[in-house]
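Chemist: Going line by line, the protein sequences match chains A and B.
First residue of the first sequence? That's 31 in our numbering, and the numbers climb one at a time after it.
First residue of the second sequence? That's 31 in our numbering, and the numbers climb one at a time after it.
Just so you know, not all the hints are guaranteed correct.
As the list makes no split between identical chains, a pair holds if one copy fits it or if it spans any two.
What the hints assert, rightly or not - Here are the computed lysine-lysine pairs in the DSS-like style, where the Cα-Cα straight-line distance is at most 25 Å:
id, residue 1, residue 2
1, Lys101, Lys229
2, Lys342, Lys384
3, Lys379, Lys229
4, Lys384, Lys189
5, Lys379, Lys307
6, Lys479, Lys149
7, Lys384, Lys307
8, Lys189, Lys479
9, Lys148, Lys46
10, Lys149, Lys447
11, Lys384, Lys101
12, Lys46, Lys209
13, Lys379, Lys101
14, Lys53, Lys118
15, Lys115, Lys52
16, Lys53, Lys115
17, Lys148, Lys110
Derived from the structure by calculation, the hints contain no laboratory data.
Protein chains: 2
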Amino acid sequence: MIQNMSVNQITLHIIKTLKENKKAEFETIIDELQPYDIAQIYETLPDKHRTRFLLFLNTDLLANLLEEINKEEQLDILNKLGVEKTGKVLDLMDNDDLASLLNELSPETTEQLLSGMKKEESIIVQNLMNYPDETAGRMMTNRFVWIRDYYTTREAVDKLKSFADFAETLSYLYVINQKRQLVGVVSYRDLLIAEPQDKIMDIMYERVISVSVTEDQEQVAHIIQKYDFLAIPVVDEENMLMGIITVDDIIDVVIQEADEDIQKLSAGGKDIDFDTKAHIAAYRRLPWLILLLFIGIVSGSIISSYEDILSKAVALSFFMPMISGMTGNTGTQSLAVIVRGLISNTINKRIVTKVIFRELLVGLIIGATCGIIITLIAYVWQGSPVLGFVVGCSLFFTLIIGTLSGTIIPLILYRFKIDPAVASGPLITTLNDIFSLFIYFGIASAFLKHLM
Amino acid sequence: MIQNMSVNQITLHIIKTLKENKKAEFETIIDELQPYDIAQIYETLPDKHRTRFLLFLNTDLLANLLEEINKEEQLDILNKLGVEKTGKVLDLMDNDDLASLLNELSPETTEQLLSGMKKEESIIVQNLMNYPDETAGRMMTNRFVWIRDYYTTREAVDKLKSFADFAETLSYLYVINQKRQLVGVVSYRDLLIAEPQDKIMDIMYERVISVSVTEDQEQVAHIIQKYDFLAIPVVDEENMLMGIITVDDIIDVVIQEADEDIQKLSAGGKDIDFDTKAHIAAYRRLPWLILLLFIGIVSGSIISSYEDILSKAVALSFFMPMISGMTGNTGTQSLAVIVRGLISNTINKRIVTKVIFRELLVGLIIGATCGIIITLIAYVWQGSPVLGFVVGCSLFFTLIIGTLSGTIIPLILYRFKIDPAVASGPLITTLNDIFSLFIYFGIASAFLKHLM
């Protein structure tokens, strides 16, 4: 009935069933919807209908709803549910989603919520929360299917059936030995092709690609992307199988990491989105801006130390913002290439040398081209061939230096395990500003008597 | 045997089997490896071993290898394989991967490669290549499992088994009617839970989330991310099922789109990575730099029109780069928030108003804070309260304008269906430069007699 309706039409329909208290009809509609749609509908629902909406959902759907909704709404829903139902719903939530919800709450609220849950479920979540943020251990779920290597294919399929409702992915079955160590993997595809009496140990892959609990989430994403996996197992230092990470969480990681790179490169604050409050957004952005302000003062004091030259040849000041702007820009261009390249390349000495040499060449080409153009323009505009030469020559050198600093600085930071994106945006701008002013006024001083 | 070896050790082992011409042993090793590993090993293999390596692989593995390897190596392998084997291998390749390989080749080479393939396979690939780049139609694969609604669960499972080797994903079975229109979807999970005699029409979801062949790949990624799907069906305007897109391709799209955003925001050239040749990288970056050069000339001419003020109060030039730098930076910060926000938010009037108002507030807070700081610094440094006031006041206004232009311009571009990232990086820098100079010298002119 609802298959061709838009989400808005369905919402109206649902409001009708809520008003008329028709639970059966409500359930028929909800049954056809994806968790994401249910969350969308709940968010647009007027407040007065929300309580009954939650009352009509069973605990499974409530858990799904909580997984899809933002933090504030999650807490609001938990308050509306009451203590007893909250415990049941939290038991059913994916433990990685639950851990990230609890992470935002005060220790008291966390304590209180955990105490309403089944003991074994609450222990699992607490264990998860012990791993640092953005590691594999923190993201993994324990809702996977494990089997033993002496199972037959038929036994494995039976286990898969009994786990169908519970598991986050049915694509892979992980094979463990008696110590719970990961010794193999069988895909659902392999099971389909195998005969019922085949032994798992004969059809399983023994070379299992896995990640450690302490692995950084970006690295996990990189591995899943390379191998095109739907999930990857997570093991501890003794190769014990601790959980799995599924591809849907990895897409979120990839987007989050790209957002972070962009925010860092634009010297913006972390975690600013459309919902962030103004004072929080301002507070997160200000540190970089104040830093840049002081860098501006440093540039200013360099300029002031050349006050004498400037007052003798005011025309020099016309080209000052252009030179520092261009140097900054070419540096950012190189930086962007390096930061994203570091994500998808395995770095070794050969590649580093190659890239630095490549960027040096790029700097030479760009520097020569822009240098010649500006020489001609400055000459025609100001009628002084010497000024043209000073400006063009300066731009040539500053562009080469800009390109190289945008290449070498992030590589050095990477080498010392500092995220190149965070430090090098403002760092490169500063250094390039200072370099460019020194070069410009240095060359200008040398030709001063011809400039006047 | 090889499960605990590194890829390097395995490579040495493989070279040994190649040297000794031991095909059976070679196959035992390869059998345990992922396609990505096989490609990695092939790429590090010395040239003299490559021909036998290719000879030892069966056509299935050759197709896998081609899917994982870069364009240059793909062509080299095809040359090494010879005409007849090439046809067979191309038949087995995923048609989306094949389409993107052929896309890079000359029409003659494409023609030649297609003529070696099975007729039906080559027609499918050619159809795919008719869709524009970066659309759903271009990315989809026809290797999926479709069933009819009158099937029983048992029949569906049988079909799934017969497709196990061929299909790119076994997670969903798509249900079509006699006109090949998409009418439902059944997940493998549903099949596991259902009874063998259950009819598909009774267990299928009728509200299928699908995308149109013409849908932009970024939008497809957005839908898959929201719904946490492993694949999504692609339909034409009559709702006929044309293909599916799988989540592994979507991860690549997300990374590619993030790279593009970063390159655009940093005014860098498209498609520059570690392997791009220097002259090509320079050629791709130069257009923006030359544009920025001319923008610099515009700024320069604005400054030159205030030459008189400048020569009377040289100290004004000390703060010039700081003011334009800060304005540019705050604009880029806002821009980054908007560009990434547009990806994950559904845009409507309410949200746009909210975000603009938020950024205005942010601009006020940032402007006031930085304005006060620089007033004090300029006063202490140059000993002139009027200069402090002029600089602080200018910074206050330029930061507000910078924030607003970084917010409003990308939103306007988005409204007119222009990608906000591409046009607004340099555009915002330009406009902010010009605004900031006018405001700075405007305020300075008003207070000129107090400045001297």
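Chemist: Next step is simple, just say for each hint if it's right about the structure.
Modeler: Each hint, compared with the structure:
no.	hint	in the structure
1	Lys101 - Lys229	neither (46 Å within a copy, 40 Å between copies)
2	Lys342 - Lys384	neither (45 Å within a copy, 50 Å between copies)
3	Lys379 - Lys229	neither (46 Å within a copy, 60 Å between copies)
4	Lys384 - Lys189	neither (52 Å within a copy, 51 Å between copies)
5	Lys379 - Lys307	between (45 Å within a copy, 18 Å between copies)
6	Lys479 - Lys149	neither (85 Å within a copy, 78 Å between copies)
7	Lys384 - Lys307	between (45 Å within a copy, 10 Å between copies)
8	Lys189 - Lys479	neither (89 Å within a copy, 88 Å between copies)
9	Lys148 - Lys46	neither (36 Å within a copy, 56 Å between copies)
10	Lys149 - Lys447	neither (39 Å within a copy, 53 Å between copies)
11	Lys384 - Lys101	between (46 Å within a copy, 20 Å between copies)
12	Lys46 - Lys209	neither (55 Å within a copy, 35 Å between copies)
13	Lys379 - Lys101	between (45 Å within a copy, 24 Å between copies)
14	Lys53 - Lys118	within (21 Å within a copy, 57 Å between copies)
15	Lys115 - Lys52	within (22 Å within a copy, 64 Å between copies)
16	Lys53 - Lys115	within (19 Å within a copy, 62 Å between copies)
17	Lys148 - Lys110	within (20 Å within a copy, 62 Å between copies)
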